[in-house]
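Residue numbers (my numbering), protein chains in the order written: chain Y, 1 to 237; chain C, 1001 to 1215.
Certain hints may be false.
Listed next, the in silico BS3-like pairs over lysine-lysine satisfying Cα-Cα at most 30 Å (straight line) [to be verified]:
| hint | chain 1 | residue 1 | chain 2 | residue 2 |
| --- | --- | --- | --- | --- |
| 1 | C | Lys1124 | Y | Lys132 |
| 2 | C | Lys1166 | C | Lys1200 |
| 3 | Y | Lys83 | C | Lys1200 |
So, partial list: chain Y residues that the calculated Cβ filter (under 10 Å) puts toward chain C [said to hold, decoys possible]:
| hint | residue |
| --- | --- |
| 4 | Cys30 |
| 5 | Asp58 |
| 6 | Ile108 |
| 7 | Lys135 |
| 8 | Phe168 |
| 9 | Pro207 |
| 10 | Ile209 |
| 11 | Leu227 |
Rather than coming from a laboratory, the hints here were simulated on the basis of the structure.
Computed from a prediction, not measured in an experiment: that's the story for all the values here.
Even for Gly, the Cβ is constructed at its ideal location relative to N, Cα and C.
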Amino acid sequence: MSKVYQNATVALEGVLFDGMTIMAGGFGLCGIPENLIVALRDSGTKNITAISNNAGIDDFGLGVLLQTRQIKKMVSSYVGENKEFERQYLAEELELEFNPQGTLAERIRAGGAGIPGFYTKTGVGTLVAEGKEQKDFDGETYILETCLKADVSLVKAWKADKEGNLVFRKTARNFNPMMATAGAVTVVEVEELVEIGELDPDQIHTPGIFVQRIIVSKDLEKRIEQLTTRQKNKEGN
Amino acid sequence: MAWTREEMAHRAAQELENGYYVNLGIGIPTLVANFIPEGIDVTLQSENGMLGMGPFPYEGEADPDLINAGKQTITELNRTSYFSSADSFAMIRGGHIDLSILGAMQVSQQGDLANWMIPGKMVKGMGGAMDLVAGVKKVVVIMDHNARDGSAKFLRECSLPLTGVKVVDMIISDVGVFLIKDEGATLIELAPDVTIEEVKVKTEANFKIDKHLLA
């Protein structure tokens, strides 16, 4: 059975339902599954719990699902770039669970790896530790964090072969590899799809076993949040 | 005269040692990269998944797939490696990073840090800060010594939600430098023309004064 689908809309058919939990890869707007987010918006799926490091910006990334009020709850580490998010949260229209970024990454990794929970020293003595089991190891206190899984993971990779083996590019990798492992169904959009055998097996970041559906991105915008440059004539470090 | 942002960053750069792996926070800490002392070779880690962070790209050469944790476009070096967020925080939480330099809203005299939330007002999130202060070997805070309304930020106890408990090793503010150890805080340096009396007025925390400043 082929894992390759015609477009994002077709790739999400039959896996979406109201009240579902999704994961979406990306750090800021870098490495986000642009086509799949738009297709999820157009599907009209409601009451979504979205697990993603950030919430996009007002009109791009996961921000588009906030504008349409399709998200009920976010699990994120940082949402400072999205004013609509802050407004909805302060007006108590949106639930929010803040996770430290490393705890979020590890919870997702654990979810995909069959590990129900783990102890970490991150957040001990803070709001993050409230209501969580504490345990001392070698005289230091740790808190118990549970794993995260998703009904559907939306992942962005650079290249895939038709088996679903994935290669990521530069810092667009971020949360994508763990999310690919933690979705009951993982849908990936890629910039380039190649034949089986064309990727070097030693250079594959995510093996195809974690990937159920693949599309090739169309009209990727790859918006930059903070364009920072230096001038060539002012040589410096 | 109190230190400027650049002077604080310059002072923080004196904490860098040869061979260090360093994570720089957003804001003034990012400026530290401009003041790395000659002959000191450090590798900058960016928690979104990069070790060996290079300078900003030349105009027209920015790559949307290559950003730092502040979402700024950057470049790679020949020593650069990329990895997932899970691997990135294995480096951070696992104690492999030597130094973290970050900003603060409040610091307590025992080294508690608050820098991620103002209840009812600001909801941005902690990002990687809680993991950084929990796992990195040495934590240096760069901050304005007082808030815009003049209130003290170096306190007996933080009033804002904490990022970490007893995690700050050093504060570099516009008035000087404090070391924080188990036995308490000590003022060890003053910015030019700043007096001990002035620091006392601007600070709520209890602190000792290093002998050489009294001489």
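**OP:** Would you pick out the hints that fail for this structure and give their numbers low to high?
**Re:** Of the numbered hints, 3, 5, 7, 9 and 10 do not hold.
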